[in-house]
Amino acid sequence: MSGAEAREAVFPTRQVLGQMKSKLKGAQTGHDLLKRKSEALTKRFREITRRIDEAKRKMGRVMQIAAFSLAEVTYAVGSGALTYQIQESAKSAKFRVRTKQENVSGVMLPAFEAFQTEGGSDFQLTGLGKGGQQVARCRETYARAVETLVELASLQTAFVILDEVIKVVNRRVNAIEHVIIPRTENTIKYINSELDELDREEFYRLKKVSGKKERDAAAAEVEREAKKSNAQGDFESQMEDEESKDLLADEGEEDVIF
Amino acid sequence: MEGMFYNVNFGFIEGIVRGYRNTLLTGQNYNNLTQCETIDDVKLQLGPAYGDFLSALPPNPSTSALADKTTEKLVSEFRYLQANAVGSLSKFMEYLTYGYMIDNVALLITGTLHERDTRELLERCHPLGTFETMPVLCVATNIEELYNSVLIETPLAPYFKGSLSHHDLDELNIEIIRNTLYKNYLEDFYQWVNNHPDMAGTPTAEVMSEVLEFEADRRSINITLNSFGTELSKAERQKLYPSFGKLYPEGTLMLSRADDLEGVRIVVDMVSDYKSFFDQAGLSQGGGGGVGNMSGGTGQETKSLEDMFYQKEMEISKMAFTHQFTHAVVYAWVKLREQEIRNITWIAECIAQNQKERIGNYISVF
Amino acid sequence: MAQPTAYKDRQFLAVIGDEDSVTGLLLAGVGHVTSPPDAQKNFLVVDQKTETSAIEQAFDLYTSQRKDIAILLINQHIAERIRHRVDAYTQAFPSLLEIPSKDHPYDPEKDSVLKRVRRLAGE
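Chains as they are written, first to last, in UniProt numbering: chain A, 1 to 258; chain B, 1 to 366; chain C, 1 to 123.
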């Protein structure tokens, strides 16, 4: 990993160590959560890809049937002018879509919903003289086909958006896993080692100081010892006897109170 | 005898038409066509009948290209006949083209309303319905101009007159214009074949009356059925019914009042032919198999009403050939040929789209 | 990620297709022509004569310029003609859908989205 030696530029203090530790903790939690989100999305994504596959096949069939019903119209009307007339008489879309949203793990997936506006079709009188029944039937067949197409389109949009989102999420997961966590860990390691180093230095210094002190103390002791042995030899042993007596007297009293 | 001098003027044309009739595809031909696996096979099978016209097609042509080419043959034969026709037959053939003209004019009006490129429009017009002044139609930029300067010059002018003013053109739905024109055309044609001195009382008048009456009835019934659930009011609907035919006048009056399928059924009960169509199409059980209910477009066993009408039209046309010394054979031949083109297109469509189960839906009378 | 405002107003379908596909879809009622001064249709009929640049132009119009298109339907064989553009298109809105046409049955191998589906499904 790139971050083997990388660490954040911080002063190795105990406060920063605390910060880093909580940051690591946060990163790990975030990583877990994102990982879970990514899994949920991927699950959804797989489901959608499967459904797209199915829907595409279905569309193939539906469109074929629809195309055939148009052939029936041509047969019944017996003239090619009809198609042109239909193209020209199209005015206002009767078949429209509206967009809904669906929330999948915090991602807004739009879903198209087909609806037909009120009012008559632009083509209701098409084929009045002959072929009108075929035209009506063809209209219905195509309306159904378009519904299938709309369904497929919303799956596909979901696919594109999910694809994008999953990429982003995975990028984040990977970034946390492979950059942020190692770097934070490195920083912690670094701070620790620095702190240890300081500790050791301190310890050595203290040791040095205390060694010095001990030496001074020992020297002073020796000096004092020499003085004492010269001046008052028994004084100390007498003091010790008195103290032990006191202690015994205390215990006796307590017993009485109980 | 009315036939005594018929051949002097019209014998040649009649002979040619009877010859053309014999080249129409038979049931056997259709059987072969339905066995085809690809459009190329279809093309091959059509070789004897359509040879020259199909040769220009690329391998595996689209069905619409196939339809165009087969129509081309019809048109060139028709043009040939028209060039040779004289007197009343020439006029008769002009009448035949008026039906197509109406479609073309409707198309051009639509185009003008939307300011389309008119050259493109002309390509889409039915070749049988072209008339000399048609390209001029495209010059018109607005509807009033179109009406005042152009439509008046066309052969269809009498059909516009009296029923449609230029105000109607932009307000009315183009379909209503089309059907009004067609109604006027049918009535005019009917009057003409029954009153023209060359034809009154001849087999021509007899056969053509039957054909036109059938056509009129078919339109009335179709318009009624197709207008259910639309904005077309009953009064407007009644204006579109031709004023002759087996259903006229009681039937059409009743049709104009019909609210649903049941109403139409009561009307057609008066004419046994149409009654049996309704029964066969499954439309007579109180609307059980409603018009729009035949959904999906696959595996439909029963034939639709339209199919029945086409079948009947073909039979009438076939019967027309049993008469001699009549112009009606030309009409019959054109109709039979049109049906043949539709059949070919249908079969090709079924093959191209792999919908073999419905390939037998064509109508063959020979 | 798409902002909510990016698709609130999108309610039309647009079609780039051959004559039959467009006709059928128009019959279903998807056709919309905006009001006259700059009458814009939401469908384009493509035939052999149509220039590829015209298709690209329409593709741009429907995908980037117009903000009221929710779904763009395009015939697969036409998408094939501007394949590089279709493949490069990754926006969520409008959603791009390749549909089969009458003469060209659907081929899942060519679909740009399905290709991505396949790749991501690990094949």
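Possibly wrong hints are sitting among the right ones.
[Unchecked claim] Simulated DEER-style distance windows between Cβ atoms:
1) SER149/B - GLN116/A: 26 to 34 Å
2) VAL10/A - ARG118/C: 21 to 29 Å
3) GLU357/B - LYS110/C: 46 to 54 Å
4) ASP40/B - THR34/C: 54 to 62 Å
5) GLN28/A - GLU51/C: 27 to 35 Å
[Said to hold, decoys possible] 20 Å max Cα-Cα, derived DMTMM-like pairs, lysine to aspartate or glutamate:
6) LYS115/C - GLU47/A
7) LYS115/C - GLU177/A
8) LYS49/C - GLU19/C
9) LYS49/C - GLU123/B
10) LYS41/C - ASP87/C
11) LYS67/C - GLU109/C
12) LYS335/B - GLU145/B
13) LYS91/A - ASP103/C
14) LYS91/A - ASP87/C
15) LYS213/A - GLU197/A
16) LYS35/A - GLU164/A
17) LYS58/A - ASP47/C
18) LYS43/B - ASP87/C
19) LYS213/A - GLU225/A
20) LYS41/C - GLU231/B
21) LYS356/B - GLU109/C
22) LYS58/A - ASP103/C
23) LYS21/A - GLU8/A
24) LYS58/A - GLU109/C
25) LYS208/A - GLU225/A
26) LYS167/A - ASP68/C
27) LYS91/A - GLU231/B
28) LYS100/A - ASP107/C
29) LYS115/C - GLU164/A
30) LYS110/C - ASP53/A
31) LYS335/B - GLU14/B
32) LYS115/C - ASP32/A
33) LYS25/A - GLU177/A
34) LYS234/B - GLU210/B
35) LYS110/C - GLU177/A
36) LYS91/A - ASP68/C
37) LYS115/C - ASP53/A
38) LYS167/A - ASP32/A
39) LYS37/A - GLU54/A
Don't read these hints as lab results, they were simulated from the structure.
As the structure is a prediction and not an experimental result, all values here were calculated from the model.
Glycine included, C-beta positions come from ideal geometry on N, C-alpha and C.
Each hint tested on the structure:
{"no.": "1", "hint": "SER149/B - GLN116/A: 26 to 34 Å", "result": "violated, 41 Å"}
{"no.": "2", "hint": "VAL10/A - ARG118/C: 21 to 29 Å", "result": "violated, 48 Å"}
{"no.": "3", "hint": "GLU357/B - LYS110/C: 46 to 54 Å", "result": "violated, 28 Å"}
{"no.": "4", "hint": "ASP40/B - THR34/C: 54 to 62 Å", "result": "violated, 44 Å"}
{"no.": "5", "hint": "GLN28/A - GLU51/C: 27 to 35 Å", "result": "violated, 59 Å"}
{"no.": "6", "hint": "LYS115/C - GLU47/A", "result": "holds, 16 Å"}
{"no.": "7", "hint": "LYS115/C - GLU177/A", "result": "violated, 30 Å"}
{"no.": "8", "hint": "LYS49/C - GLU19/C", "result": "holds, 12 Å"}
{"no.": "9", "hint": "LYS49/C - GLU123/B", "result": "holds, 14 Å"}
{"no.": "10", "hint": "LYS41/C - ASP87/C", "result": "violated, 24 Å"}
{"no.": "11", "hint": "LYS67/C - GLU109/C", "result": "violated, 30 Å"}
{"no.": "12", "hint": "LYS335/B - GLU145/B", "result": "violated, 35 Å"}
{"no.": "13", "hint": "LYS91/A - ASP103/C", "result": "violated, 27 Å"}
{"no.": "14", "hint": "LYS91/A - ASP87/C", "result": "violated, 32 Å"}
{"no.": "15", "hint": "LYS213/A - GLU197/A", "result": "violated, 24 Å"}
{"no.": "16", "hint": "LYS35/A - GLU164/A", "result": "holds, 16 Å"}
{"no.": "17", "hint": "LYS58/A - ASP47/C", "result": "violated, 26 Å"}
{"no.": "18", "hint": "LYS43/B - ASP87/C", "result": "violated, 38 Å"}
{"no.": "19", "hint": "LYS213/A - GLU225/A", "result": "holds, 17 Å"}
{"no.": "20", "hint": "LYS41/C - GLU231/B", "result": "violated, 25 Å"}
{"no.": "21", "hint": "LYS356/B - GLU109/C", "result": "violated, 26 Å"}
{"no.": "22", "hint": "LYS58/A - ASP103/C", "result": "holds, 17 Å"}
{"no.": "23", "hint": "LYS21/A - GLU8/A", "result": "holds, 13 Å"}
{"no.": "24", "hint": "LYS58/A - GLU109/C", "result": "holds, 15 Å"}
{"no.": "25", "hint": "LYS208/A - GLU225/A", "result": "violated, 25 Å"}
{"no.": "26", "hint": "LYS167/A - ASP68/C", "result": "violated, 28 Å"}
{"no.": "27", "hint": "LYS91/A - GLU231/B", "result": "holds, 16 Å"}
{"no.": "28", "hint": "LYS100/A - ASP107/C", "result": "violated, 30 Å"}
{"no.": "29", "hint": "LYS115/C - GLU164/A", "result": "holds, 16 Å"}
{"no.": "30", "hint": "LYS110/C - ASP53/A", "result": "holds, 13 Å"}
{"no.": "31", "hint": "LYS335/B - GLU14/B", "result": "holds, 16 Å"}
{"no.": "32", "hint": "LYS115/C - ASP32/A", "result": "violated, 32 Å"}
{"no.": "33", "hint": "LYS25/A - GLU177/A", "result": "holds, 12 Å"}
{"no.": "34", "hint": "LYS234/B - GLU210/B", "result": "violated, 27 Å"}
{"no.": "35", "hint": "LYS110/C - GLU177/A", "result": "violated, 37 Å"}
{"no.": "36", "hint": "LYS91/A - ASP68/C", "result": "holds, 16 Å"}
{"no.": "37", "hint": "LYS115/C - ASP53/A", "result": "holds, 10 Å"}
{"no.": "38", "hint": "LYS167/A - ASP32/A", "result": "holds, 17 Å"}
{"no.": "39", "hint": "LYS37/A - GLU54/A", "result": "violated, 26 Å"}
Violated hints for the displayed structure, listed by number in ascending order: 1, 2, 3, 4, 5, 7, 10, 11, 12, 13, 14, 15, 17, 18, 20, 21, 25, 26, 28, 32, 34, 35, 39.
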